[in-house]
Amino acid sequence: MEDLTWQRHQWIADHILPWEAEVRRWLRRYTRTLHADDIDDLIQEAYARLWSSDFSHIRDGRKFFYTIVRNALQDQLRRARIVQIECVAELDTLDVDEAPGPERWVSARQQFEQLLQALKKLTPQRRTVFQLRRFEELPLREIAQKLGVTEKTVENLLRLAQGQVIKTLFAEGEAADYTSEKNYERRRKRD
Amino acid sequence: MSAAGSATDLNTIDLEALRWVLLLERGPLPADQQRQLSAWITSDVRHRGALIRAQAASLRLNRLSALAGGRSVFETPAHGHVSRRRVLAVAASAAGALGLLTWESREWLEDLWSGTRYSSGIGEMRKVVLPDGSVMTLNTQSEVRAHYTRHSREIHLAKGEVLFDVAHDATREFVVRIDSWSVVAVGTAFDVRRLSGSALDVAVTEGVVQMLTPAQPRQRLAALQQATVEGAGQIAVRQVSDAELQRRLAWRTGLIVFDGETLRQALSEMNRYSRQQLAVEDPELAESRIVGVFSTSDAKTFVQGMRSTLGVEAVESGNTVLLRRPR
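Sequence order for the protein chains is A and B. Read in order, the letters of the first sequence correspond to residues 1 to 191 in this note's numbering. Read in order, the letters of the second sequence correspond to residues 1001 to 1327 in this note's numbering.
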């Protein structure tokens, strides 16, 4: 059971997560009435919906992600009984273009660079904990001893460090060149 | 957002999800926490989604972190020598969990586990914790049988590749049998690869193992050594660099790293993880050198990469994708 789950997580990590920042930007652009919290809610709901659907045959994760978020948004609007014609119209005409360009495949090294950039934004203590745990793979106990703090503190620092890094890389999208507007435009022109 | 990165701009549900992911990472949850987690997940669809997202994001972060090669990049204050990465950390924590069992249940567990078969499918990676806390990580298309008794620990590797993190037990040798060969360890970590139609291959990451076969002197292998046994039974031992070993074991994090392999070698490596098979016929093209980091689950991206770097085109027919120069 554990293994299947692992494969599904891996698929989401490879095919959905890289598009999250772009989807969030799209949500911000077309749904001006949504607050940042609403967008977080929607994204969370989208992942839950994703998980309960069968995506074994899905090839284009980006399109799939958009569709799921769009459905979640529509349901939410219906529930809230807020008529936002402009918004719904945008949803219907949204045209997600085809698969990403070849920028994607070289991005593992680049993304590592971006991870380092994201780490620079952390406090030194959080950065240290992240490095010792993720890069050097030390047990929490050992990190606690090294830094002279309790294991609980290390746990907490790691959580905040990782939370911030995830936010920077995947929600704000500083991980992915190919989702930035500029690249996006360039790609559209070239294709 | 403040420069120091206050926690307040992080979504509280996301933070709670991350707390669970970090707990799960450390091993199986005790029953009361398991219940708490279930309650949390079922109370709100957003909780469920946030957990899935945090798990995928952490998986990706861990994979990216593997590119650091076991070292800190930024200076870390207030500690001198930094010890190397811990391959055995997993084994140690699993042993801790089993330590809670009573002696009776341990015996019962031993019976249950003796002669148990484990296998992994195409593209699947599987981690198995054995009764003594040793951990086997099965790479794609692998098959083993584990026989545990009170006096011995024996694994038969039928095919594929397995990384063993062996829990220390001076009273019981840990033996991996492949064909006529036995690889013997006490407490150590090593990777054994037996792919159909190719040589048997053993690489040691920690400690020492011995390789035995009838009518040949025993061969001792230490950390950072790799032994290859060709069809004729000749054993060749060579020293490998830490970086090379890390590359070889990149599959543990769902990655394949190529550093100057030929396209032919790269394709046969990629093909281990997928039903769809990549092929190259042009002998000159097959010798092109490849550099790059790829995901084992994503052959499509690999093909895109080859298109843009080698200028090849991909022709798909049935289950095969042929890479060739454009006509």
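I should point out that these hints are in silico values taken from the structure, not numbers from a laboratory. Careful: at least some of the hints might be erroneous.
As the list claims (entries may be wrong) - No more than 30 Å apart at the CA atoms, straight line, and that leaves these computed lysine-lysine pairs for BS3-like: (1) K167/A with K1300/B; (2) K120/A with K167/A; (3) K120/A with K152/A; (4) K63/A with K1159/B; (5) K152/A with K1300/B.
To be verified - Simulated DEER-style distance windows between Cβ atoms: (6) S1043/B with I58/A: 46 to 54 Å; (7) K120/A with R1307/B: 30 to 38 Å; (8) D54/A with A1031/B: 27 to 35 Å; (9) Q1034/B with H35/A: 28 to 36 Å; (10) D37/A with K1159/B: 45 to 53 Å.
Glycine residues also receive a C-beta, built at the ideal position from the N, C-alpha and C atoms.
Going through the hints against the structure:
A C-alpha spacing of about 27 Å is found between K167/A and K1300/B, which places the hinted pair at or below 30 Å, so the restraint holds. The straight-line distance between the Cα atoms of K120/A and K167/A is roughly 14 Å, inside the 30 Å bound, and the hint therefore holds. Distance check on the hinted pair: K120/A and K152/A sit about 24 Å apart at the alpha-carbon level, within 30 Å; holds. Between the alpha carbons of K63/A and K1159/B the distance comes to roughly 38 Å, so the proposed pair goes past 30 Å and is violated.
The suggested pairing of K152/A with K1300/B is violated, with an alpha-carbon distance near 42 Å, which exceeds 30 Å. S1043/B and I58/A have their C-beta atoms about 29 Å apart, which leaves the hinted 46 to 54 Å range violated. With their beta carbons about 34 Å apart, K120/A and R1307/B fall inside the hinted range of 30 to 38 Å. With their beta carbons about 31 Å apart, D54/A and A1031/B fall inside the hinted range of 27 to 35 Å.
At about 34 Å, the beta-carbon gap between Q1034/B and H35/A stays in the expected band of 28 to 36 Å. A beta carbon spacing of about 52 Å between D37/A and K1159/B agrees with the range 45 to 53 Å that was offered as a hint.
In summary, the numbered hints that this structure violates are 4, 5 and 6.
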